[in-house]
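Engineer: Listed below are the residues making up each chain.
Protein chains: 4
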Amino acid sequence: MTRHILTLTCHDRPGLVHAVCGGLLDVGGNILENAQFTDPDSLTFCMRTVVDTSVDDPAVVQAAVAERLADTQANLRVRLESERPRVMIMVSKFDHCLVDLLYRWRTGALAVDLPIIVSNHADCALIAAQYGIPFLHLPITKAVDGPTSKPAQEARIKELIAEHRVDLVVLARYMQVLSDDLCEHLRGRAINIHHSFLPGFKGAKPYHQAHARGVKLVGATAHFVTADLDEGPIIEQDVARVDHTHTAEQLVALGQDTERLALSRAVRFWAEDRILLVGDKTVVFR
Amino acid sequence: MTRHILTLTCHDRPGLVHAVCGGLLDVGGNILENAQFTDPDSLTFCMRTVVDTSVDDPAVVQAAVAERLADTQANLRVRLESERPRVMIMVSKFDHCLVDLLYRWRTGALAVDLPIIVSNHADCALIAAQYGIPFLHLPITKAVDGPTSKPAQEARIKELIAEHRVDLVVLARYMQVLSDDLCEHLRGRAINIHHSFLPGFKGAKPYHQAHARGVKLVGATAHFVTADLDEGPIIEQDVARVDHTHTAEQLVALGQDTERLALSRAVRFWAEDRILLVGDKTVVFR
Amino acid sequence: MTRHILTLTCHDRPGLVHAVCGGLLDVGGNILENAQFTDPDSLTFCMRTVVDTSVDDPAVVQAAVAERLADTQANLRVRLESERPRVMIMVSKFDHCLVDLLYRWRTGALAVDLPIIVSNHADCALIAAQYGIPFLHLPITKAVDGPTSKPAQEARIKELIAEHRVDLVVLARYMQVLSDDLCEHLRGRAINIHHSFLPGFKGAKPYHQAHARGVKLVGATAHFVTADLDEGPIIEQDVARVDHTHTAEQLVALGQDTERLALSRAVRFWAEDRILLVGDKTVVFR
Amino acid sequence: MTRHILTLTCHDRPGLVHAVCGGLLDVGGNILENAQFTDPDSLTFCMRTVVDTSVDDPAVVQAAVAERLADTQANLRVRLESERPRVMIMVSKFDHCLVDLLYRWRTGALAVDLPIIVSNHADCALIAAQYGIPFLHLPITKAVDGPTSKPAQEARIKELIAEHRVDLVVLARYMQVLSDDLCEHLRGRAINIHHSFLPGFKGAKPYHQAHARGVKLVGATAHFVTADLDEGPIIEQDVARVDHTHTAEQLVALGQDTERLALSRAVRFWAEDRILLVGDKTVVFR
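Protein chains in written order, with the numbering used here: chain A, 12 to 297; chain B, 12 to 297; chain C, 12 to 297; chain D, 12 to 297.
These are computed hints drawn from the structure, not numbers from a lab. One or more of the hints may lead you astray.
[Unchecked claim] Here are a few chain D residues that face chain B, going by a calculated C-beta distance under 10 Å:
hint : residue
1    : F48
2    : P150
3    : G225
4    : V226
5    : T232
6    : I246
7    : R252
8    : D254
9    : V289
10   : G290
11   : R297
[As the list claims (entries may be wrong)] Calculated pairs, SDA-like style, for lysine to any residue (alpha carbon to alpha carbon, straight line, at most 25 Å):
hint : chain 1 : residue 1 : chain 2 : residue 2
12   : D       : K292      : B       : T256
13   : D       : K216      : B       : D239
14   : B       : K104      : C       : G143
15   : B       : K104      : C       : G214
16   : B       : K213      : D       : D291
17   : A       : K213      : C       : G143
18   : A       : K292      : C       : A264
19   : D       : K213      : B       : A215
20   : A       : K104      : D       : Y142
21   : B       : K213      : D       : V253
22   : D       : K216      : B       : P51
23   : A       : K292      : D       : R252
24   : D       : K213      : B       : Q220
25   : C       : K104      : B       : Q141
26   : D       : K213      : B       : A259
27   : D       : K292      : B       : E260
28   : C       : K216      : B       : T118
29   : A       : K292      : C       : G214
30   : C       : K292      : A       : G214
31   : C       : K216      : A       : V289
32   : C       : K213      : A       : A223
33   : D       : K104      : A       : Y142
34   : B       : K213      : D       : A223
35   : C       : K213      : A       : L240
36   : A       : K216      : C       : G290
37   : B       : K213      : D       : K216
38   : A       : K213      : C       : A223
39   : B       : K104      : C       : Q141
40   : C       : K292      : A       : A81
The beta-carbon is built from N, C-alpha and C at its ideal position, and this holds for glycine as well.
Generate coordinates for the entire structure from the input sequences, incorporating the hints supplied.
Structural biologist: Listed below in C-alpha cells is the structure:
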C-alpha cells in the first residue's frame, strides 16, 4: 500500500466530501486521517486527507478525485506522503533557527530535503558544512552613490530556486527585506520568522521595542512572506513569559526559543501539507 | 436548514467516509465540519461531522447513514446541534467549579440544561438558588457501628437521573467516592475533575502532596468516572506554574483556576459531542 | 507579632538595603520576604519587604526606616499586611470579570474591601446584590446637539472615591474612556483590563481585529490607566491558543478566560503591594 | 568595580539581611539584585545577592560578611559573577539535549566552561568534535556470568571530575543509573533531565507510559540526582500539549523540546547560583 496526502480548496457546495471520497474509493483508497473546514466568510471549502491505496502514482489518484469533483476551479493536489519537499534556507548572522532546523532535519523530525543554504553573510558557512549542506554566500553590496547589487542577488536566488527545484524558501532570520517582485514570485511558498508577537512590534528591533514597552510576554510569529512587510498570513505563534528583570538583550536570548519553536512547527506543517491559504489567513490542520 | 451533529465509532474499513457522506447526501446534507481519526492500535474508526440539511428529524438522517454504512456493530448517533444535553452537577463544599459552570451556562457559553444540582452538603444551596437551579441536599450519614446511608443516597441519585432524563453527571469537586455500581451505571456519562496533573498525585490532598514534593507546575485533570479511582479516561488537563514561595494553601487557590478551565472545557466538549471513547482513552475533536 | 509590608522606590546608591534593614532592626523586625531590583536605565532602586515585629503601628516602622534612609525624595510606605485596600469596581455590561473578582473576594483569595460597584449600565445590579455590594448606576446621557452628562458623572465618581476612601479603581470591562482629568486623578491607582495582547489590537473590538488578522493566540492585558488610551504601564498579560475554526464571537468567549486571569492577578498584586511604577513600566514582585 | 554573587542558607533569625548588607557595605558594596525567602517549615533562611564593589577578591567579600553574620553553621558563599562553573556533560545516544547545551554555550547564553563530555556510547563523538570539546567514551561492559565494568567506569568518572575540577555534572539523557555511591559523591552538583512530568511516569519509557494512559500534556523534569531514582529535588519542569493523534514516537519527538528547555534553564540557574537546596526541595530565585 502507498500513502498519499490530498489537499483541496474550492468554493463550498453540497457533496464535496462525498465526491472526494468517491474518487478515493475508485482507486481502492482507505482514508486514515481527514480534516475539513469551511470558511464561513468566503465559503471556501478546505480539506486534507491521508489515504492508503495500492495505486502508487499520485497523479492517478488525483485524476480519479478530479473526475468526481468536476470543478475546474478547484485547487486540488495529491502527493506521496514519502515525497520530501525541497527547502532552501536563507539566513544572515543569527544562526539559532538554522541550527534548530538542521538538527530536526538530521534526526528525521523534519522530513524535507535541504539542497542549499543561502546567506548574505559568510558567518553560517561552517554550520552548513558540519551538516553537509551546500552553502552559498550571496552578499548584497552597494557602491557609494551607486547602485546596489540586490537586484542581481535576487535574480541569482530565483535561478537557484529553479535549478534546485525548491518547493519552499525559509527565511530563518534572513535580515534583508525581499523585493516586491521576489515576494510575489514566492507567494505561498516562503515562510519568515518575525521575532515578535505580531501585529505588535512590527519592523526592526522588536525585542527592544518590547523592552521599552514593558510587556510581560514576548513572542515570535511564523508567517508567509508578502510584499506587505510583517503582514503576511500568520501560520504559527509562540510566547514566553518575561518580567522587569530582563534586559533587552535577555529578551533577545529568551525570544530565540520561541522563534525556534514557531518556525520549526510552521515548516513541518508546510512539509506535511497542513497549511491551506484562504485569503489573507491560514487554515492549519494540526 | 437544520444543523445536525453525527458521531460514529466502528471497526475501520475502506469506504467508511464515503458511506457516511453518501448517506448525508441522500438527505440533501451539506457538511460544514468533519473530523476523523483511526486509532492505529485498535483500528477503531472515529468520526464527528456537522451537517446542514432541510431534514429536521435526526432519526431520519441517522437512518439514511445507517443504511449506507450497513454495519450493525457501528456506534452511530445523530442529534440536533440545538439539542441541549441535560446535566446534573454534583458538588460538596468547594464551589469554584460549580460557580464557573453556572456562569458559563447563564451566559450561553455552555449550551446545556441544568435540571438539578445534588450535594452531600448544604453549603451550595444559596448559589444554586441565585442561578435558579433546584438544589437537592442528599447527605451521607453513618450510625456508630451501624450502616451508612450511602447505598440509599446513591439509589436516590439513580432515580433522579432517570426522573430528570439526565444525559451527563458532572462531579464538580464532589468529595465522595462513587460505588462501583454507580460508576458502571454512569459509564461514559460522568465526568470528574481531579485536582492534580494525573497520573501524579492520585488520591487525597493532591496539592499538599505536590507541595511536599516541591513541583514547579500544578495541574488539574478532567476524566471520565470509572470504578478504578482517578484512573478513568483523561479528557482534558491544564497546568499552572508555581514556585517555592507558594504554600500548600496557595497551591489550592492557584490550582482552582486550572480546575475550572479543565472541567468547563471537558463539559463543553461533551455537550458538543466532541469526545469519543476508544478503550481507556479519549479522542477529543477540539 | 504584627506583619508589615514595606515598599520603597528611590534613586539608587550604596547602602540602601542596609539602611532599610537597620531601620527594621531598630524596631525588632524579622524579615520574612525581600525582593529588590534596580532599574539599570533610570537607576531607580525598588524594594518590597515583608517583616514581622512586635510594633503594631506601621507609622512607627516607617519612621524608623525613614530615619536611617535619610532620603527625603524616597517613595517609602509601610502598611499592615492585614490592612485591606478599598477597591471600587467599575463595569458596563460584560460581567465576567466582575463575577470573577467577586468570587475571589468572597472566598478570601482577594483580600480587599469592596465598598461600591459603579456602572454606566444597570445590567450588573443583580450580581452586585447577590454578593451584597452596593451598586450605583451612573449612566452617561447625551442630549441631541446638546451636552453630555459625562463631566457630571465623572465628578460624582470622584466624590464617591473620596467618600468611600477608595484606594484602587478597577475597570472590569468598563466600556467608557475616562477623561484625561480623571486619568490623572487616578494615576497609579486605576487598573484596566484590555481584551487584547497589547500593543497589538488597541482600540475597539480587538477580538474582531484579531479574527480578521488570523492570529494563532489571543490575549488580554491588565495595565494602569493613563490619558494615553491602551498605553498605560502593563502589569500582567495572558494568552490562549486559537485556530481557524474560531469565529470572532468564539474568540470573545475564549478571551474572557484570559481577561479574568490577567485582571484578577493584577488586582491581587496591587492589593499585596507587589507593583512598583518605574517610569512607564512596572516592576512586579510576584 | 567587580561584580560578585553571594548565596546564603542558614537557620532564620532577626537581623540576617542587615548583617549581610552590613558586611557588604564594609567592603563598599552596592547591591544590584537581592532575593530572599524563608522556608516556613524548616525555618531555613535563603538569600541570593548580586553586588558591585571595588574589592575584586570574593574571599575578602565573604570574610567581611561572615564576620558580621557570626554564624558558623551558615552555608555562605561568594563568587565572582564572571567566574564560569566547570560542567561535565554526560550523554548516551539521544543527543538533543547535548546539542542544545552546546549551542547555548557557544552563543554565550550559557556562561559555563565545558572541559569534557563523557558517554557510555560513541555516537556523540562527532558532535563534541564539531564544538571542540574533548569527548571520552567510557562504555560499560559485562561479561557473561561475569562482573560488570560499571564500578571501574564510575571510578574513572570520579577521577575525571577531580582532574578537570568539575563543579557540575549534567546528565543530558545519560541512560545509565548511577550507583548510590556516585550519587552521594555528586550530591547537589549533578542535574538530570527526566523525560516526564514527575512524579508521573517514573522509570523507563515514560512517553510510552504517557501514550498508553492517554494524557493530554507531556512534560519533562530537571532535578538533582539522588540515590532515590527520579525522586531528587525538582528544579524545573515544562509541558507541551498533545492529543489522540500523537503516536508514542511523536510524543518522544515533541517531548524533546520540553526536555531541552527544562534542562537548559536548570543548568543556567545553577551556573548563576540561583538554586538553593532546602531539604528535598529547591528554592529557585529566577
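Engineer: Taking the hints in turn, state whether each one holds.
Structural biologist: The hints, checked one at a time:
Residue-level restraint check for D/F48 holds (minimum Cβ-Cβ distance to chain B is 6 Å; threshold 10 Å). The interface hint given for D/P150 is broken, as the beta carbon of that residue sits about 35 Å from the closest beta carbon of chain B, more than 10 Å. This hint holds: D/G225 has a C-beta 3 Å from the nearest C-beta of chain B, less than the 10 Å allowed. The interface hint given for D/V226 is met, as the beta carbon of that residue sits about 6 Å from the closest beta carbon of chain B, less than 10 Å.
With 10 Å as the threshold, the beta carbon of D/T232 comes within range of chain B, its nearest partner Cβ sitting at about 8 Å, so the hint holds. Taken as an interface hint, D/I246 checks out: its beta carbon lies about 8 Å from the nearest beta carbon of chain B, inside 10 Å. Interface restraint check for D/R252: the shortest CB-CB distance to chain B comes to about 9 Å, inside 10 Å, so the restraint holds. Contact between D/D254 and chain B, as hinted, is supported at the beta carbon level, the nearest pair being about 7 Å apart and thus within 10 Å.
Annotation: interface hint on D/V289 holds; nearest CB of chain B at approximately 8 Å, less than 10 Å. Among the interface hints, the one on D/G290 holds; its C-beta lies about 9 Å from the nearest C-beta in chain B, closer than the 10 Å criterion. Checking D/R297 against chain B by beta carbon gives a least distance of about 7 Å; that is within 10 Å, so the hint holds. Our distance criterion of 25 Å between C-alpha atoms is met by D/K292 and B/T256, whose separation comes to about 12 Å.
Using a Cα cut-off of 25 Å, the hinted pair D/K216 and B/D239 holds, with the two alpha carbons roughly 23 Å apart. Annotation: proposed proximity of B/K104 to C/G143 holds, straight-line Cα distance about 21 Å (limit 25 Å). For the given pair, B/K104 sits about 42 Å from C/G214 by alpha-carbon distance, which is inconsistent with the 25 Å threshold. Distance check on the hinted pair: B/K213 and D/D291 sit about 20 Å apart at the alpha-carbon level, within 25 Å; holds.
Proposed proximity of A/K213 and C/G143 is contradicted: the alpha carbons are some 47 Å apart, above 25 Å. Simply put, A/K292 and C/A264 have alpha-carbon atoms about 21 Å apart, close enough for the 25 Å limit, and the pair holds. Straight-line distance between C-alpha atoms of D/K213 and B/A215 comes to about 20 Å, which keeps the hinted pair within the 25 Å bound. As the CA atoms of A/K104 and D/Y142 are separated by approximately 18 Å, the hinted pair is consistent with the 25 Å bound.
A threshold of 25 Å between alpha carbons decides the hint, and for B/K213 with D/V253 the separation of about 21 Å falls inside it, so the pair holds. Between D/K216 and B/P51 the alpha-carbon distance is near 20 Å, which keeps this suggested pair within the 25 Å criterion. For the hint linking A/K292 to D/R252, the alpha-carbon distance of about 24 Å falls within 25 Å, and the restraint holds. At most 25 Å may separate the alpha-carbon atoms for a hinted pair to count; D/K213 and B/Q220 meet this at roughly 16 Å.
Under the criterion of a C-alpha separation no larger than 25 Å, the hint pairing C/K104 with B/Q141 is consistent with the structure, at around 19 Å. With a CA separation close to 23 Å, the supplied pair D/K213 and B/A259 stays within the 25 Å bound. Between D/K292 and B/E260 the alpha-carbon distance is near 17 Å, which keeps this suggested pair within the 25 Å criterion. Distance check on the hinted pair: C/K216 and B/T118 sit about 19 Å apart at the alpha-carbon level, within 25 Å; holds.
Distance restraint check for A/K292 and C/G214: the Cα-Cα separation of roughly 22 Å lies within the 25 Å cut-off, and the hinted pair is therefore satisfied. In summary, the hint linking C/K292 to A/G214 is supported, as the alpha carbons are separated by about 22 Å, within the 25 Å threshold. With a C-alpha separation of about 22 Å, the suggested pairing of C/K216 with A/V289 holds against the 25 Å cut-off. Under the criterion of a C-alpha separation no larger than 25 Å, the hint pairing C/K213 with A/A223 is consistent with the structure, at around 17 Å.
With a C-alpha separation of about 18 Å, the suggested pair D/K104 and A/Y142 falls inside the 25 Å cut-off, and the hint holds. Between B/K213 and D/A223 the alpha-carbon distance is near 17 Å, which keeps this suggested pair within the 25 Å criterion. Distance hint between C/K213 and A/L240 is fulfilled; the C-alpha atoms sit about 20 Å from each other, no more than 25 Å. For the hint linking A/K216 to C/G290, the alpha-carbon distance of about 21 Å falls within 25 Å, and the restraint holds.
Annotation: proposed proximity of B/K213 to D/K216 holds, straight-line Cα distance about 20 Å (limit 25 Å). Proximity of A/K213 to C/A223 is assessed by CA-CA distance (about 17 Å); at most 25 Å being required, the pair is judged to hold. Between B/K104 and C/Q141 the alpha-carbon distance is near 19 Å, which keeps this suggested pair within the 25 Å criterion. Of the pairs offered as hints, the one joining C/K292 and A/A81 is violated, with about 60 Å between alpha carbons and a cut-off of 25 Å exceeded.
Consistency with the previously given hints fails for numbers 2, 15, 17 and 40, ordered from lowest to highest.
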